[in-house]
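If you read the sequences in order, they're chains B and H.
Following the working numbering, the numbering of the first sequence begins with 6 at its first residue and continues without gaps.
Following the working numbering, the numbering of the second sequence begins with 467 at its first residue and continues without gaps.
No lab work stands behind these hints: they were computed from the structure.
Errors might be hidden in some of the hints.
To be verified - Only some residues are given here: those of chain B computed to face chain H with a beta carbon under 8 Å:
1) 25
2) 37
3) 105
4) 109
5) 112
6) 116
7) 119
8) 120
The beta-carbon is built from N, C-alpha and C at its ideal position, and this holds for glycine as well.
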Amino acid sequence: MDFDKLAIFRMARMRMDWLAQRQKVLAQNIANADTPGYRAKDVRELNFKRMALDAVDTAPKTAVTNPAHIAGGLPHVGPYREITERRTFETSIDGNPIVLEEQMEKMSRSRSGYTLALSLIRKNINMLNTAIGKGGG
Amino acid sequence: MDDLSKASHIASFGMKAQAKRLRVVAENMANVESLATTPGGEPYRRKLVTFKSELERGMDAEVVRVRRTVRDMSDFERDYNPSHPAADAAGYVLKPNVNPLIEAMDLREAQRSYEANMHVVTISREMVGKTLELLR
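Next up, chain B with everything else stripped away, as it sits in the complex:
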């Protein structure tokens, strides 16, 4: 069965994708913590409304009426867009705005969010197992 057809799995997966990308961006910030003139980056906050809409119906597609047509649609921007952060705790003399504590805090928040999404998936799998009579583990 395709788990992605169930909105809850799709949303959890989206959240995990977003958190993984954020992890990448934060790693980038931390690696560049001593690079002069580096700009802090972050991923735009997941918009729940948008996420819910994305999970329920997909973007409209162009109709394919001829075998030679290419199925297309609006380009999917994706909910995860990298942005340059304007407001950070402080900027050092060399123009680097990375504060390790701030980045670490964000990172551990990402980790707990990731764990949350994972346990959500696990619980739902257990529920499905119960429904098919295997008993929840």
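Position chain H against the provided structure of chain B, taking the given hints into account.
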């Protein structure tokens, strides 16, 4: 490559750069007493590393690299010691422009950044591990 592996990979670049910085600091510390060998010559000149961020195309991420090591062009200190083989005509010996206190602070900072990168690797690995646990 998925984002979590990318995160670890980026952190490894950071660790490499900080390790190089540590190496240069060690070099400075070791040469704190390295004087000139010829009369009136220059003693050891302090080295510094500069970082730059560079776009790594394979990962679509900005990683850190050491741009180059540069020499600290500040003035040398002088000691009056006419009997020293490196003393100039006036009897002064130039000493390296290395300040052990500054080096120690630089060392600390490099260590702190190194640890932060290490932490990124740990967290990313943990997240991957937890994802794999879903298979059990």
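(request) Compare the structure with the hints numbered earlier in the document and write down the numbers of the violated ones, lowest to highest. (result) none
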